[in-house]
Amino acid sequence: MVQLSINGTEHSFDGDAAMPLLWFLRDELGLTGTKYGCGMSLCGACTVHLDGQPIRACVTPLAAAAGKKVTTIEAIGADPVGKAVQEAWRAHDVVQCGYCQSGQIMSATALLRANRKPSDADIDAAMNGNVCRCVTYLRIRAAIHAAAANLT
Amino acid sequence: MHPIRRFVEQTPAQRAQLPGPVNLSRRQVLQGFGGLALGVCLGPLAAAPQGAAKGSAAFEPNAFVRIDADGSVTVLAKHVEMGQGSYTGLATLVAEELDADWSRVRVEGAPADTKRYVNSLMGVQGTGGSSAMANAHEQMRRAGAAARAMLVAAAAAQWNVPASEITVENGVLRHTASGRSAGFGELAVAAGRQSVPTELRLKDPKQFKLIGKARLPRKDSADKTDGSAVFTQDVQLPDMLVAVVAHPPRFGATLKRFDAAKAKAIKGVVDVVAYEGGRGRFGGVAVLAKNTWVAQQGRDALSVEWDESRAMKDGSDAIMARFRRLADQPGTVARKAGDAEAALAKAGKRIEAEYEFPYLAHAAMEPMNCVVRLGDKSCEIWNGEQFQTIDQAGAAALLGLQPQQVAITQLYAGGSFGRRANPHSDYVLEAVAIAKAMREKGRSNPVKLVWTREDDMRAGYYRPMALHRVRAAIGDDGLPVAWQQRVVTESIMAGTPFAEFSIKNGVDNSSIEGAIEPYEIANLSLELHSPDTGVPVQWWRSVGHTHTGYVTETIIDELAAAAGKDPYAFRAALLEAHPRHLGVLRLAADKAGWGSPLKAAAGERRGRGIAVVQSFNSYVAQVAEVTVKADGRLRVDRVVCAVDCGMAVNPDVVRAQMEGGIGYGLAAVLHSAVTLQDGVVQQTNFHQYLPLRISEMPKIEVHIVPSTEPPTGVGEPGTPVIGPAVANAIFAATGKRIRRLPIADQLKT
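Going down the list, the sequences are from chains A and B.
So the first sequence is residues 2 to 153, counted in the numbering used here.
So the second sequence is residues 20 to 768, counted in the numbering used here.
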């Protein structure tokens, strides 16, 4: 039995604790904002926060999340930094197909929580694991700078 | 000319069950994806008006607009939103003529109904060829204008005032003299009782408030930033099972036998079924479970034996070697003028070049997937649906239904780049075949087919591999005098419902579109070989231009160098009779500061390259600036892009599509290739098929040529230009010509 907190709600699961967190979120809880893109931690579409740190849910076994706090895209707007990031994303119309953007927003929020004034190089370093095949990177960078400015 | 593809081969029994190719009449198909647009509009107001509302809508004047009692406006989008901004664009056109409040406009995917929602440039209901704005702009404006006229008529009747005195702004109708006003919602029911206007006057562009506005918020920004947007991957239906499949390891292999004991022993695995293949797709084994992870575990536990006696076992090197041998032979003549051979023999300055292009995967972020629910005489499909007519007909044939018994819900597509419009409906029919196999076992659960990234990358449908061999020459006047080009590439259209219309005299236009064009060469010869490789191929963002544009624009650059001319000035001189090419070329060159020096750090070499490509009736020029470091590492620093797409419906979407198109093309130029060894695709995931990452992203500036011409497309035209622009910049920096893509480590020392 694995117990963990997801977006402030306690959950328990008595299935395979080796199952990646991603599939627990999506298929067991119906939190489908977190996306499957590669299953190998190569694309970042599944990024969520585990005790505030960005992790790839596709390679994180449920067992590794036991007793910890998970935050997903569905709840990131409750965080002031997450909200600022979402608003900047909308103001810049970052999205195209949108499939990777939950992960992008989760990575960007984690970056801004750790570094309130990131440089382009900081952004590249923090966001390089998040692939966008529509290639919205210029707007991602601009939106992160805008969110940073709005947070100060 | 185009042999039947190996993977079409089936036993007679199998063939009897297969869907035939969709029958499309000549009248229906006005063009395929690649060629010129023939603007034939099928029913200007499109689709029969509904008059009084159905369901919850208070007012449904036509197939594209619904107005609810609360005043909200719903636009039914006949084109899938896969990132290219179609939902925003279609809604802009409707809202403009309706004078709607943009914040109260929402967009919903239209159902599959070819008669109402045909793409008039494709002859089928579908999205592709960068045709959404081009085919729908007038239709959508008329749909909005008709709804507006009916609202105005309703207000005039209710207020007993002349319709001509009523103004509409931001979703509110006003009669100034009497001081009366009402929102759309208040008048919706009454508007539904008005007759549908037969004559409509559309706005003069000077009156536009939304079309062309620098920054109109996208309709899909909110739900794509809070996790609530619904993609196929996110569909959950009662009792639904997830299917994860074992595909054959090689194209053309068929299922011999399988042992599901270990898979079935996994807790949560509900069933394991074999499913049939068909035209353009292969049968396999599906493991079904409520949970995707469990289904994956089950799939991995399967033991499957394949009959590979008819499978494709070539490596990509062997295929390219075969292409090279073919290029030694004359091909089918696609275009000819003068006597290229004689002119080449006489010319003093000749160049010869051979180009190689790899297979490319679309690799959309959302791997292919599809949800199917079967009833006794019904099939429901949920999909990021890009090809309604084809998928509907294919599913109906597979199930023995009529097309109208197949309902399709068009969801957001998590990217596509062409992949979700498969002419054989490969992944859609795979999902249907699995649901059918389940049903035959007495299970009626809805099925969600989920491909893993590995499945997506290895299941085929690639931009075809290509080899081009070119000989060209400069005459005594310093201008190109001869150009001989042989293209070897597999036909995308052969064996599809579009073959009859795309392949003329043995030449698939999508294989050679854009070759040599728009340059007029007195002595030219363009020949094509279309070998069958057994590897499934498909259109990939900008189709033939992905390779023809690269060759044309790097050869022209070489000819400029051979003539001792500046590559920009050389092109400009050749394009005098092509004002729209010239327009974007000049704009890009001016904004980029063409000719100004580029500062290079010690040990680094920098260069600037230019290219111009017309595709899908849009004109794009790009200037790329690159740095080649001492060790040969390449960085694309800056791209200046000029685009002429006629009237820019949403300039910010146009910019976004240029940025994205450049980035998508750049990934392919720098890194991407699908290769085969003994018929097995070697790339499985993003560590081997490298996408562009944020750290590699150049600065991009997009400049839009102001225009009142009808809108053309922007989804694809940004993509084919970046390759030659970068290659020409590399030449400027290093003197090296890149003739094999991707560049990968060719510059490394």
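Calculated directly from the structure, the hints in this document are not laboratory data.
Since the structure is predicted, the reported quantities are computational estimates derived from the model, not experimental observations.
A virtual CB, placed ideally from N, CA and C, is assigned to each residue, including glycine.
Each hint should be verified, as a subset may be incorrect.
The calculated DSBU-like cross-link candidates involving lysine-lysine, where the alpha carbons are at most 35 Å apart (straight line), are [as the list claims (entries may be wrong)]:
| # | chain 1 | residue 1 | chain 2 | residue 2 |
| --- | --- | --- | --- | --- |
| 1 | A | Lys118 | B | Lys648 |
| 2 | B | Lys355 | A | Lys69 |
| 3 | B | Lys232 | A | Lys84 |
| 4 | A | Lys70 | B | Lys309 |
| 5 | B | Lys718 | B | Lys767 |
| 6 | B | Lys286 | B | Lys134 |
The following residues of chain A were derived to be distant from chain B, with all beta-carbon distances above 10 Å [stated by the list, open to error]:
| # | residue |
| --- | --- |
| 7 | Gln4 |
| 8 | Thr10 |
| 9 | Glu11 |
| 10 | Gly31 |
| 11 | Asp52 |
| 12 | Gln54 |
| 13 | Ala67 |
| 14 | Gly68 |
| 15 | Gln102 |
| 16 | Ile106 |
| 17 | Ala115 |
| 18 | Ser120 |
Checked hints:
no. : hint                : verdict
1   : Lys118/A - Lys648/B : holds (30 Å)
2   : Lys355/B - Lys69/A  : violated (70 Å)
3   : Lys232/B - Lys84/A  : holds (27 Å)
4   : Lys70/A - Lys309/B  : holds (25 Å)
5   : Lys718/B - Lys767/B : holds (23 Å)
6   : Lys286/B - Lys134/B : violated (47 Å)
7   : Gln4                : holds (19 Å)
8   : Thr10               : holds (15 Å)
9   : Glu11               : holds (20 Å)
10  : Gly31               : violated (6 Å)
11  : Asp52               : holds (20 Å)
12  : Gln54               : holds (19 Å)
13  : Ala67               : holds (17 Å)
14  : Gly68               : holds (21 Å)
15  : Gln102              : violated (5 Å)
16  : Ile106              : violated (6 Å)
17  : Ala115              : holds (17 Å)
18  : Ser120              : holds (13 Å)
Comparing the model with each earlier hint shows violations of hints 2, 6, 10, 15, 16; every other hint is respected.
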